[in-house]
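Visitor: Sequence:
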Amino acid sequence: MGISASGEGGYARELTDDERAQQQKALEEAISGFDVVITTALVPGRPAPTLVTAAAVEAMKPGSVVVDLAGETGGNCELTEPGRTVVKHDVTIAAPLNLPATMPEHASELYSKNITALLDLLIKDGRLAPDFDDEVIAQSCVTRGKDS
1 MGISASGEGG YARELTDDER AQQQKALEEA ISGFDVVITT ALVPGRPAPT
51 LVTAAAVEAM KPGSVVVDLA GETGGNCELT EPGRTVVKHD VTIAAPLNLP
101 ATMPEHASEL YSKNITALLD LLIKDGRLAP DFDDEVIAQS CVTRGKDS
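So for the sequence shown, UniProt numbering puts the first residue at 1; every next one is plus one.
Errors might be hidden in some of the hints.
Restraint ranges, calculated between C-beta atoms of paired labels, are given here [claimed, not checked]:
hint: 1; residue 1: 36; residue 2: 13; range: 25 to 33 Å
hint: 2; residue 1: 85; residue 2: 143; range: 39 to 47 Å
hint: 3; residue 1: 18; residue 2: 83; range: 29 to 37 Å
hint: 4; residue 1: 104; residue 2: 40; range: 18 to 26 Å
hint: 5; residue 1: 62; residue 2: 143; range: 54 to 62 Å
hint: 6; residue 1: 134; residue 2: 90; range: 25 to 33 Å
hint: 7; residue 1: 144; residue 2: 87; range: 50 to 58 Å
hint: 8; residue 1: 143; residue 2: 32; range: 47 to 55 Å
hint: 9; residue 1: 84; residue 2: 145; range: 49 to 57 Å
Simulated crosslink set (BS3-like; lysine-lysine; CA at most 25 Å straight-line) [what the hints assert, rightly or not]:
hint: 10; residue 1: 25; residue 2: 61
hint: 11; residue 1: 88; residue 2: 25
hint: 12; residue 1: 61; residue 2: 88
hint: 13; residue 1: 146; residue 2: 124
hint: 14; residue 1: 113; residue 2: 124
If you're looking for bench data, these hints aren't it; they were derived computationally from the structure.
Computed from a predicted model, the values in this text were never measured in an experiment.
Virtual Cβ for every residue (Gly too), placed ideally from N, Cα, C.
Assemble the whole structure, with the sequences as input and the hints as a guide.
Guide: Given below as structure tokens:
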């Protein structure tokens with residue numbers, strides 16, 4: 001497709017109308033052959049972008065499943081009903097809310113792995129040695145030296 005939705009800080013940016021149309025066409029063609037679609041796309045401060053249209057759901061095989069993890073901000077599937085599991089066109093669409101709260105042990109494990117990865121970036125040979133050219137370190141830095 002040749003479209004990049006990458007924005008600042010690792011978040012998605014909003015697509016132009018032309019990019020959105022290209023994306024929808026490509027997604028609708030691909031989704032029709034999938035048994036399971038899991039969506040997670042979010043744009044900070046905006047409703048979740050619609051990635052899976054009603055037409056795409058209708059083209060899916062009966063018994064297919066869409067898991068919309070962006071339900072809290074409206075969802076990535078046009079037929080999502082946030083917080084509910086529904087069946088539309090013989091396709092199950094689940095949009096759980098606050099999923100991390102339903103599995104605190106796993107959420108804590110993921111959080112601790114992320115913190116460990118951050119510490120691995122900050123510490124070299126047992127000493128604090130942040131590489132300010134690293135995107136994660138640069139974006140995480142609030143103050144540095146006397147430049148506060």
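Visitor: Each hint needs a verdict: does it hold in this structure or not?
Guide: Here is what the structure says about each hint:
no.: 1; hint: 36 with 13: 25 to 33 Å; verdict: 27 Å, holds
no.: 2; hint: 85 with 143: 39 to 47 Å; verdict: 46 Å, holds
no.: 3; hint: 18 with 83: 29 to 37 Å; verdict: 33 Å, holds
no.: 4; hint: 104 with 40: 18 to 26 Å; verdict: 19 Å, holds
no.: 5; hint: 62 with 143: 54 to 62 Å; verdict: 57 Å, holds
no.: 6; hint: 134 with 90: 25 to 33 Å; verdict: 48 Å, violated
no.: 7; hint: 144 with 87: 50 to 58 Å; verdict: 53 Å, holds
no.: 8; hint: 143 with 32: 47 to 55 Å; verdict: 51 Å, holds
no.: 9; hint: 84 with 145: 49 to 57 Å; verdict: 51 Å, holds
no.: 10; hint: 25 with 61; verdict: 18 Å, holds
no.: 11; hint: 88 with 25; verdict: 21 Å, holds
no.: 12; hint: 61 with 88; verdict: 12 Å, holds
no.: 13; hint: 146 with 124; verdict: 23 Å, holds
no.: 14; hint: 113 with 124; verdict: 18 Å, holds
Hint violations for this structure: number 6 only, all remaining hints satisfied.
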